[in-house]
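Protein chains in written order, with the working numbering: chain R, 81 to 352; chain W, 81 to 352; chain F, 81 to 352.
There could be a bad hint or two in this list.
Said to hold, decoys possible - Keeping only pairs whose Cα atoms sit at most 16 angstroms apart, straight-line, the calculated EDC-like set for lysine to aspartate or glutamate is:
id: 1; chain 1: F; residue 1: Lys-194; chain 2: F; residue 2: Glu-160
id: 2; chain 1: R; residue 1: Lys-131; chain 2: W; residue 2: Asp-264
id: 3; chain 1: W; residue 1: Lys-293; chain 2: W; residue 2: Asp-82
id: 4; chain 1: R; residue 1: Lys-346; chain 2: R; residue 2: Asp-229
id: 5; chain 1: R; residue 1: Lys-250; chain 2: R; residue 2: Glu-310
id: 6; chain 1: W; residue 1: Lys-344; chain 2: W; residue 2: Asp-264
id: 7; chain 1: F; residue 1: Lys-344; chain 2: F; residue 2: Glu-320
id: 8; chain 1: R; residue 1: Lys-315; chain 2: W; residue 2: Glu-152
id: 9; chain 1: R; residue 1: Lys-317; chain 2: W; residue 2: Glu-195
id: 10; chain 1: F; residue 1: Lys-131; chain 2: R; residue 2: Glu-152
id: 11; chain 1: W; residue 1: Lys-315; chain 2: F; residue 2: Glu-320
id: 12; chain 1: F; residue 1: Lys-346; chain 2: F; residue 2: Glu-262
id: 13; chain 1: F; residue 1: Lys-344; chain 2: F; residue 2: Asp-229
id: 14; chain 1: W; residue 1: Lys-346; chain 2: W; residue 2: Glu-320
id: 15; chain 1: F; residue 1: Lys-293; chain 2: F; residue 2: Glu-152
id: 16; chain 1: W; residue 1: Lys-344; chain 2: W; residue 2: Glu-320
id: 17; chain 1: W; residue 1: Lys-131; chain 2: F; residue 2: Glu-187
id: 18; chain 1: W; residue 1: Lys-250; chain 2: W; residue 2: Glu-310
id: 19; chain 1: R; residue 1: Lys-131; chain 2: W; residue 2: Glu-152
id: 20; chain 1: W; residue 1: Lys-168; chain 2: W; residue 2: Glu-187
id: 21; chain 1: F; residue 1: Lys-232; chain 2: F; residue 2: Glu-187
id: 22; chain 1: W; residue 1: Lys-344; chain 2: W; residue 2: Glu-85
id: 23; chain 1: F; residue 1: Lys-131; chain 2: R; residue 2: Glu-187
id: 24; chain 1: W; residue 1: Lys-346; chain 2: W; residue 2: Asp-82
id: 25; chain 1: F; residue 1: Lys-163; chain 2: F; residue 2: Glu-195
id: 26; chain 1: F; residue 1: Lys-317; chain 2: R; residue 2: Asp-135
id: 27; chain 1: R; residue 1: Lys-344; chain 2: R; residue 2: Glu-320
id: 28; chain 1: W; residue 1: Lys-97; chain 2: W; residue 2: Asp-135
id: 29; chain 1: F; residue 1: Lys-293; chain 2: F; residue 2: Asp-82
id: 30; chain 1: F; residue 1: Lys-315; chain 2: F; residue 2: Asp-267
id: 31; chain 1: R; residue 1: Lys-346; chain 2: R; residue 2: Glu-152
id: 32; chain 1: F; residue 1: Lys-315; chain 2: R; residue 2: Glu-320
id: 33; chain 1: W; residue 1: Lys-272; chain 2: W; residue 2: Glu-343
id: 34; chain 1: W; residue 1: Lys-131; chain 2: F; residue 2: Asp-267
id: 35; chain 1: W; residue 1: Lys-317; chain 2: F; residue 2: Glu-89
Hints were generated in silico from the structure; no laboratory data involved.
Keep in mind the model is a prediction, meaning the values are calculated, not measured.
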Amino acid sequence: MDIREQINEALNTLHVKKPLVHHITNYVTVNDCANVVLAIGASPVMADEFKEMGDMVSICNALVLNIGTGNERTLLSMIEAGKVANAKSIPVLLDPVGIGATPFRFESVSTLLKEVKFSVIRGNMAEIKTIAGLEAKSSGVDSIDDESDGVKIAKALALKLACTIAITGKTDIVSDGIQTYELDNGDINLTKVTGTGCMTSSLIGSFLGAGSKPHVSAIAGIWSMSIAGENATCKLKIGEGIGSFKVYLMDAISVMSSDEFREKGKIALANQ
Amino acid sequence: MDIREQINEALNTLHVKKPLVHHITNYVTVNDCANVVLAIGASPVMADEFKEMGDMVSICNALVLNIGTGNERTLLSMIEAGKVANAKSIPVLLDPVGIGATPFRFESVSTLLKEVKFSVIRGNMAEIKTIAGLEAKSSGVDSIDDESDGVKIAKALALKLACTIAITGKTDIVSDGIQTYELDNGDINLTKVTGTGCMTSSLIGSFLGAGSKPHVSAIAGIWSMSIAGENATCKLKIGEGIGSFKVYLMDAISVMSSDEFREKGKIALANQ
Amino acid sequence: MDIREQINEALNTLHVKKPLVHHITNYVTVNDCANVVLAIGASPVMADEFKEMGDMVSICNALVLNIGTGNERTLLSMIEAGKVANAKSIPVLLDPVGIGATPFRFESVSTLLKEVKFSVIRGNMAEIKTIAGLEAKSSGVDSIDDESDGVKIAKALALKLACTIAITGKTDIVSDGIQTYELDNGDINLTKVTGTGCMTSSLIGSFLGAGSKPHVSAIAGIWSMSIAGENATCKLKIGEGIGSFKVYLMDAISVMSSDEFREKGKIALANQ
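Given the sequences, and given the hints that come with them, work out the whole structure.
Listed below in structure tokens is the structure:
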């Protein structure tokens with residue numbers, strides 16, 4: 081099946097399966113993450129008590145680990161949740177928010193990569209470069225890196241970690257180590273609302289939970305956010321700003337269809 | 081006084097008394113809970129440090145305990161807050177979010193039920209069934225149970241625990257053990273936004289804080305959410321989705337009046 | 081330079097510098113705080129793990145400490161973050177949410193005042209009075225005090241603590257101990273949405289991070305919120321409530337300009 085057909089199929093499958101997606105995530109954007117998971121047609125769970133991680137993960141279809149406001153306690157819960165998910169073949173996504181900002185974050189991610197097998201890692205260019213052991217320019221949790229080497233980095237890291245790497249930015253890059261794709265949807269307003277990265281990770285997690293392949297899930301999740309961003313900007317009227325944009329964004333995700341993927345989705349195999 | 085008059089009275093009293101409602105609640109929906117409490121005309125406090133629980137509860141008019149993202153630390157705070165509230169005759173509401181999902185949640189609720197006397201317990205059918213010791217089908221934090229036995233279960237549990245039981249779903253059921261009511265407002269969109277259950281608990285807590293009886297508070301809180309849900313759906317235009325719905329929902333709660341209760345509220349005594 | 085020119089300049093400078101503002105703040109309003117920081121043109125970071133506080137603060141341009149849902153663990157992180165910020169001459173703002181509500185909060189603030197040097201302290205009248213050691217009437221986290229003595233209290237406390245004191249309310253008062261200003265923008269709807277106080281603190285922190293003087297930052301931050309509140313209320317249509325108001329508020333902050341400051345900002349030197 082052609083990649084575009086697989087992505088369309090992924091959305092239709094999600095609508096049928098309504099997967100349950102467990103999150104250990106940051107308290108900044110958690111409400112928006114829960115709402116996008118519902119908006120795309122899946123069901124969110126957010127919990128972080130160590131004692132219930134194994135039980136909670138076991139009833140879910142995918143696990144999203146986001147280190148945005150992680151601490152020593154929740155790191156332990158993430159490791160436990162990830163291990164149980166691995167043992168039960170439940171796909172796991174990692175969002176290494178701001179990994180380059182502090183040694184604590186770098187070490188948290190290093191530990192997670194050692195203890196847990198991920199299906200998808202999604203980050204901005206600076207975050208993925210940092211995981212790849214490269215110099216990255218970051219400004220707190222926002223990336224200010226250019227994307228010139230992205231294809232090469234994504235592919236190499238995907239091969240090294242045996243997982244799909246998704247780099248989101250002006251052009252999004254998704255690689256499973258074999259094929260690498262460049263995606264060209266999105267809108268500058270997506271950078272003006274907090275949590276669009278986290279929400280994209282939750283959307284990818286929703287597709288993973290519906291049983292789609294990691295690279296298909298990554299592309300479908302990114303399109304759900306980036307096409308919705310385009311649609312939301314189209315609805316903005318003069319005098320409206322990020323408050324209205326965020327409302328239109330949620331609206332657009334909640335009415336996203338495979339027809340929209342078909343008509344608006346921009347994808348190309350990268351030159352490698 | 082007729083039950084409908086008592087419910088209308090409850091909203092008018094709340095507007096005059098502007099009660100202070102303390103929450104120990106989850107970080108997923110906490111912002112929405114604070115905003116609905118303000119919207120209905122009460123004042124929210126959210127805090128969970130054990131050391132200040134007794135002092136904080138003592139200046140409040142009601143206490144809402146929601147276990148959505150509870151952990152070992154906040155469970156201790158909930159117990160302490162509940163005990164102090166009981167000692168000072170401050171009404172306490174329990175929202176046993178996802179109680180059936182993990183043994184940790186089940187044991188947390190068991191402990192709370194042993195240590196604290198509740199005025200109202202509000203949950204979906206699966207959650208209330210689990211408390212009642214019955215088999216329940218749940219999907220994470222969302223209930224997928226039918227409501228056929230609801231009236232019987234609500235009444236029996238209300239008598240057993242000597243508190244008002246509120247089961248929210250397509251038809252809402254409220255029982256104080258003597259009278260059991262069925263409420264028939266609401267809209268399917270309320271299931272597409274995260275936290276409408278938590279928010280309903282906060283609304284009930286607001287009515288409790290204004291001094292209304294537990295079953296009257298439960299009905300008034302449920303109507304505030306379910307009638308607002310109907311009003312919000314009426315305002316939805318083509319192409320709008322859950323982003324707009326949530327805005328209209330908050331709007332509708334903030335302009336809710338006893339006139340709306342009178343005109344739109346659907347309530348009937350259940351056949352027992 | 082005239083004070084009005086300095087305030088206008090502060091907004092223009094912020095737009096150029098795009099400062100990074102670190103927050104240790106409450107989980108109730110944290111998403112809104114992150115979004116207003118982005119809306120005004122700065123970049124937010126929220127993190128509270130003790131182990132990464134020094135590293136995170138070191139890459140930021142300002143630090144905002146908000147005790148809204150503080151606990152023993154995060155209090156230690158606040159102290160550490162504050163000390164590192166002081167050592168690196170990074171400006172620090174304190175938002176003493178509900179300080180009068182519990183001894184735990186009072187002692188937390190006392191410890192912070194002893195360990196950390198603040199550039200700005202922003203609170204409502206009851207909170208600032210409590211810091212000043214005066215009797216204050218508070219209702220949970222909302223102030224119910226009159227503002228008659230505000231000018232005197234703000235000036236005295238600013239001199240005592242050698243920092244700028246900002247009291248927000250119907251009339252806002254800002255004093256650096258030398259000059260004391262009264263600001264007269266704002267709208268009653270700002271009291272009907274949770275977190276407008278926290279968001280104002282985050283806005284002030286954004287101006288501090290851009291290098292503006294503390295009292296200029298305080299005025300610019302307050303105007304950004306209070307003028308936006310006026311603009312948002314102007315856009316409200318019949319039947320709309322706090323849901324729509326909050327959307328319009330975020331819109332208005334995200335399009336705020338020094339032209340609006342010039343045309344609408346109301347400021348006067350206080351009679352002392």
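Verification of the supplied hints:
no.: 1; hint: F:Lys-194 - F:Glu-160; verdict: 13 angstroms, holds
no.: 2; hint: R:Lys-131 - W:Asp-264; verdict: 38 angstroms, violated
no.: 3; hint: W:Lys-293 - W:Asp-82; verdict: 13 angstroms, holds
no.: 4; hint: R:Lys-346 - R:Asp-229; verdict: 20 angstroms, violated
no.: 5; hint: R:Lys-250 - R:Glu-310; verdict: 13 angstroms, holds
no.: 6; hint: W:Lys-344 - W:Asp-264; verdict: 10 angstroms, holds
no.: 7; hint: F:Lys-344 - F:Glu-320; verdict: 24 angstroms, violated
no.: 8; hint: R:Lys-315 - W:Glu-152; verdict: 45 angstroms, violated
no.: 9; hint: R:Lys-317 - W:Glu-195; verdict: 54 angstroms, violated
no.: 10; hint: F:Lys-131 - R:Glu-152; verdict: 9 angstroms, holds
no.: 11; hint: W:Lys-315 - F:Glu-320; verdict: 10 angstroms, holds
no.: 12; hint: F:Lys-346 - F:Glu-262; verdict: 8 angstroms, holds
no.: 13; hint: F:Lys-344 - F:Asp-229; verdict: 26 angstroms, violated
no.: 14; hint: W:Lys-346 - W:Glu-320; verdict: 27 angstroms, violated
no.: 15; hint: F:Lys-293 - F:Glu-152; verdict: 32 angstroms, violated
no.: 16; hint: W:Lys-344 - W:Glu-320; verdict: 24 angstroms, violated
no.: 17; hint: W:Lys-131 - F:Glu-187; verdict: 11 angstroms, holds
no.: 18; hint: W:Lys-250 - W:Glu-310; verdict: 13 angstroms, holds
no.: 19; hint: R:Lys-131 - W:Glu-152; verdict: 9 angstroms, holds
no.: 20; hint: W:Lys-168 - W:Glu-187; verdict: 26 angstroms, violated
no.: 21; hint: F:Lys-232 - F:Glu-187; verdict: 24 angstroms, violated
no.: 22; hint: W:Lys-344 - W:Glu-85; verdict: 14 angstroms, holds
no.: 23; hint: F:Lys-131 - R:Glu-187; verdict: 11 angstroms, holds
no.: 24; hint: W:Lys-346 - W:Asp-82; verdict: 14 angstroms, holds
no.: 25; hint: F:Lys-163 - F:Glu-195; verdict: 7 angstroms, holds
no.: 26; hint: F:Lys-317 - R:Asp-135; verdict: 48 angstroms, violated
no.: 27; hint: R:Lys-344 - R:Glu-320; verdict: 24 angstroms, violated
no.: 28; hint: W:Lys-97 - W:Asp-135; verdict: 21 angstroms, violated
no.: 29; hint: F:Lys-293 - F:Asp-82; verdict: 13 angstroms, holds
no.: 30; hint: F:Lys-315 - F:Asp-267; verdict: 13 angstroms, holds
no.: 31; hint: R:Lys-346 - R:Glu-152; verdict: 40 angstroms, violated
no.: 32; hint: F:Lys-315 - R:Glu-320; verdict: 10 angstroms, holds
no.: 33; hint: W:Lys-272 - W:Glu-343; verdict: 26 angstroms, violated
no.: 34; hint: W:Lys-131 - F:Asp-267; verdict: 36 angstroms, violated
no.: 35; hint: W:Lys-317 - F:Glu-89; verdict: 42 angstroms, violated
Checked against the numbered hints given earlier, the structure breaks hints 2, 4, 7, 8, 9, 13, 14, 15, 16, 20, 21, 26, 27, 28, 31, 33, 34 and 35 and satisfies all the rest.
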